[in-house]
Structure formats: C-alpha cells, structure tokens
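Note that the protein sequences, when read in sequence, are chains A and B.
Position 139, counted from 1, in the first sequence is what this note's numbering calls 139; the numbers after and before it change by one each time, with no gaps.
Position 317, counted from 1, in the second sequence is what this note's numbering calls 317; the numbers after and before it change by one each time, with no gaps.
Please keep in mind that the hints were generated in silico from the structure rather than gathered at the bench.
Heads up, none of these hints are tricks.
Straight-line alpha carbon distances no greater than 30 Å define the calculated DSSO-like cross-link-like pairs of lysine-lysine that follow:
1. A:K7 x B:K263
2. A:K170 x B:K158
3. A:K33 x B:K282
Here the structure is a predicted model, which is why all the values come from computation and not from measurement.
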Amino acid sequence: MHYRIIKRGAEADVYLIPWYKTMAISKLRSPKKYRNITLDNLIRGRRTIHEATMLNDVKTTGIKTPFIYFLDLKRAEIIMEYIDGENVKNILSPEIGFEMGKYVSILHNKNIIHGDLTTSNFIKRKDDLYLIDFGLSFYSQRIEDMATDIRIIKEILSSAHIQIFYDTYKRFLKGYELTTNNNFSRILKVVKDIEARGRYARVV
Amino acid sequence: MKKIKKKNRFFCLGIESTAHTFGCSVIQFDLVKKKGKIISDLRSIYQAPDGSGIHPREASRHHLDKSPHILREVLIQANLKAKEIDLISYSAGPGLGPCLRVGAVIARALSSFYNIPLIPVNHALGHIELGMMLTECQDPLVLLVSGGHTMVLAFSNKKWRVFGETQDITIGQLLDQFGRYIGFASPCGNKIEQYANQSTKKYYNLPYIVKGNDVSFSGMLTATKKLIDNGYDIFNVCFSLQETAFAMLTEVVERALSFTEKKEVLIVGGVSANKRLSTMLKIAIKRQKATLYSCPIYYAGDNGAQIAWTAICDNISSGTTIKVQDALIKQSWRLDKVEVKWR
Numbered sequence: 001m002h003y004r005i006i007k008r009g010a011e012a013d014v015y016l017i018p019w020y021k022t023m024a025i026s027k028l029r030s031p032k033k034y035r036n037i038t039l040d041n042l043i044r045g046r047r048t049i050h051e052a053t054m055l056n057d058v059k060t061t062g063i064k065t066p067f068i069y070f071l072d073l074k075r076a077e078i079i080m081e082y083i084d085g086e087n088v089k090n091i092l093s094p095e096i097g098f099e100m101g102k103y104v105s106i107l108h109n110k111n112i113i114h115g116d117l118t119t120s121n122f123i124k125r126k127d128d129l130y131l132i133d134f135g136l137s138f139y140s141q142r143i144e145d146m147a148t149d150i151r152i153i154k155e156i157l158s159s160a161h162i163q164i165f166y167d168t169y170k171r172f173l174k175g176y177e178l179t180t181n182n183n184f185s186r187i188l189k190v191v192k193d194i195e196a197r198g199r200y201a202r203v204v
Numbered sequence: 001m002k003k004i005k006k007k008n009r010f011f012c013l014g015i016e017s018t019a020h021t022f023g024c025s026v027i028q029f030d031l032v033k034k035k036g037k038i039i040s041d042l043r044s045i046y047q048a049p050d051g052s053g054i055h056p057r058e059a060s061r062h063h064l065d066k067s068p069h070i071l072r073e074v075l076i077q078a079n080l081k082a083k084e085i086d087l088i089s090y091s092a093g094p095g096l097g098p099c100l101r102v103g104a105v106i107a108r109a110l111s112s113f114y115n116i117p118l119i120p121v122n123h124a125l126g127h128i129e130l131g132m133m134l135t136e137c138q139d140p141l142v143l144l145v146s147g148g149h150t151m152v153l154a155f156s157n158k159k160w161r162v163f164g165e166t167q168d169i170t171i172g173q174l175l176d177q178f179g180r181y182i183g184f185a186s187p188c189g190n191k192i193e194q195y196a197n198q199s200t201k202k203y204y205n206l207p208y209i210v211k212g213n214d215v216s217f218s219g220m221l222t223a224t225k226k227l228i229d230n231g232y233d234i235f236n237v238c239f240s241l242q243e244t245a246f247a248m249l250t251e252v253v254e255r256a257l258s259f260t261e262k263k264e265v266l267i268v269g270g271v272s273a274n275k276r277l278s279t280m281l282k283i284a285i286k287r288q289k290a291t292l293y294s295c296p297i298y299y300a301g302d303n304g305a306q307i308a309w310t311a312i313c314d315n316i317s318s319g320t321t322i323k324v325q326d327a328l329i330k331q332s333w334r335l336d337k338v339e340v341k342w343r
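The following block holds chain A by itself, in its conformation from the complex (with noise of 0.2 Å):
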C-alpha cells in the first residue's frame, strides 16, 4: 500500500492511502519514543478506542466527522474518510467562528466535550463544516468541562488568529448561545474562573 504523509500531528501522523476504489486517511498513533512505555501504550490504547467511539456518536447530533472504514488497535490505527476541503486555520472568518460555536454547543448539548477545539481541526468542504480529532474527547455533563472546552478555543483565537480575535469570538459565542440547552451565561462564568486560575491572571 503506498502511504503518502499529509500530517505530522503531534499525537498521530496523517496519511493519505488508497482503499479500494476511493482514498482514505490513515491516523497512525505510533509509539512516542520520549514517553515510558507502559504510560504510551495506555494513552495510544485509549486515545483510539475514544477517537473512533466518539466519531460515531457524534455523527447521531447531525454534526458532521468522517466515516471510519477500518480500526487497527494493535497498531493504534484508524482508517477513515477523507474530507477534501480547506483547514479552518488558513480560512478562519468570524463567520467560520460563528458556525464552530453552533457544533460546540450542539456536542455539549449531547454532553461531549472535545478537549482539543482548535481552528486546525475544523474542515470546511464547499459548504459543510466537518470536525475531527476525537483523540482527546469524554462524555460529561460538568458545566466546568464544557467551559474548558471553551477556554481552549479561545485561547488559540487569541493567540493564532489575534488579528480577528475580537470578531470571531463574538461570533462564536453567539453562535453557541443560540443552540445552547445549558446555562450559557454560568458557562461564561466558569470560563472567566477558568481563566483566573491562571497564574498571574487578573480577569476583569
């Protein structure tokens, strides 16, 4: 089979591989040679297991992930869909952020919390906005874990993307509060606690 790499990813590496008629990704966790073995079995292990649970359910809230073809856990490897579109990192709009802020909300509604919301792991392909990256999800319906997610959207917005900070927070924002079942404003107020945990911080 010929692997062409399309991602050098910090947990997994992405190929791009032929499967069957069509092509497909490829997430290879393979083995972090900096980690203690027993603690990288168990993290690679579990991350996979998750990543392909959590591609599946989110797909019954109507957000859009990737089919999986094929689930390797030995190798801790997952064959699924390729979505041909554009990295929301290089397109981000606060019309993008807007729509994030729609499927966020939809996920927490279902009380799945993402744990690694950032702009590079939204597609958008013609019209459809798709999201991947499950690695780092959970289920749990602690107003707390919701707000993290939050907080580490943020966090890249104003760090990645600070030119357009402003504007698409906003948007984000509103978009997730109107498709909100949750106690929005106590999420904003747990995010701002969140942040004032940090160290030196002073939120006003």
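Take the given structure of chain A and dock chain B to it, following the hints.
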C-alpha cells in the same frame, strides 16, 4: 533626568528579586554592532529550611541582607563606579511582593541618587529575551518552565501569545511541593531527578491531564503524595512523576509546534536544567523537523542579566524610561499583557 549620552557603548545594571533569587548583573551594549555582552553577574539564593517553601518575608530579608554586597561586587567585577552606569533596570513583576519591593527600592535609590534613567522589566519576558540572545534563535516557540510559570508561547503581533499553559500549579511547584513532602529542601528538581535516575524504573500510573494545549498538575501532586503515604518506593514515585509530567509538557509543545509550524523551540526557566525533560523534548522536536535551543544552565534560573538585557532592548527601541515615583511593582503582571516594541 539625564539622557543616555551619545556614545558607542553603554552599561545597564539589572536587578532581579522576584522570588528566591537576589541577583545583579551589568551588561555592556555596543551601539555600533548592536550586541550585548554580560560583563558581570552575581546572585544569592534564599535557602528555605528543609521541607518548607519560600516564606516571602524571610526571602525579602535575605535579599535586604545580601543586596549591598552583591551590588558592590557586581560593580567591582564590571570595573565600574555606580555613577558610570547608564541605565538601571529592575524586575517589576510577576513575583512575591515583599521580594519585588527590595529590588524596586534599590533601583529607585540608585536612580535618584546618581540621576540615572530607570526602567521596569517583566521577569518572564526577561527569561525569553536573554534565552534568545544567548542561543541566537530567531523566531522560536518558547517553553517557559519555572516555579512561577509553565507556558508555551509564540510571538505574534507585538506580544508573546500563550498557546498553552498550566490550569493550576506550575511544573516547578509540582516538583517543589512533592519534594518538600518527602523532606527535600526547595528547589527540589535536581534531587528528584537524581532519585529518578537511581530508581528501578517501575512506572506507577498517575493522572495524565492534557486539555488541548493546556496541562494540569494538581491531580498528580495529590496522587504522588498518596503513593508515598501508602508506602510505595520513593525512587520509583520520583521516576513516575518525572515521566508523566514531562511527557505532558512534551506533548503540548509538540502540539503547539505542529500547529504553528515553527522551526525553533527555545526552553527557558529553572526547570529547563532537567536533563530528562530536554531529552524528551529533543525526541519530539526532531520529529517535527525543528531545532531545540536551551538557555545555558547558568542563565536558566533567575538572574540579573535577563532584566538588564530586556531593559536594553526596550530602551534602544523606544527610549522608554520611567520616573522614580512611578517605579512601582506589579505582583500579577502577566507576560501576555506586555507589549514588545522591539520585535
């Protein structure tokens, strides 16, 4: 207040007193070559009793006791008289109030008595700026790990932007608080590393908490203390603690690196002296085809040179100085609030 005289080189005195270290340093800056050189650096570190942490009042007394000697010696080694200094800088935050005040008082006194321009410096920024000057890296992703900070940063649009940080205690606090629990004297990082090296390398499961690019260490602190209480082997607990905590840090650095696609990583702060951490980072960073730069160990911990050098950068780019009556301290002065005019 007099201006810095028009000449080819000038001298800047840096005073550092954020936490356990009182340090002074003189840097000579060559205006033609645009290069700085550390011509003297001295420090005295407050030693807390075994098993206890920094007491801010005791530490500030230590600083007061040692400051006249350190100041005198640093000038002698630089072969300068106090009045020949062209710029005085002090660490204005973030840090422990009583300790910061000692540095600020000395800086104000020198400035007003000798009529020398004065400039406040953010301590964390100092770590990064000196690290970049000494390693000569250009546009790095920075891992700042110390008793006061655990942050992954990259520069964009006039500020150092936080890509990831700890959501509770810092890596230095984790090491120190655990170390003190088993009776070490802080700073405990070195001792824990020695113990880990002597262990049988049996790994005990500990909470591995990575949230996006953020980490959390407080659960691990509780878990390691419990292992000790339940009679687990102390060497192996030290080993497991290092393996887990450093793997978390390495993972978030690799995450941020993969996201930002930077080609350089700079590690600064007291914890960067740990060999296991830099070994892990090297492996991860090589995978991302980037290069690891680490601040020389002597300048990894708190020192006066980081203050002096940052002050020079600030002053030559924008001529910043402040009045003596405005030379206050800011205990909670977050790095991502500082506008960096010279980058």
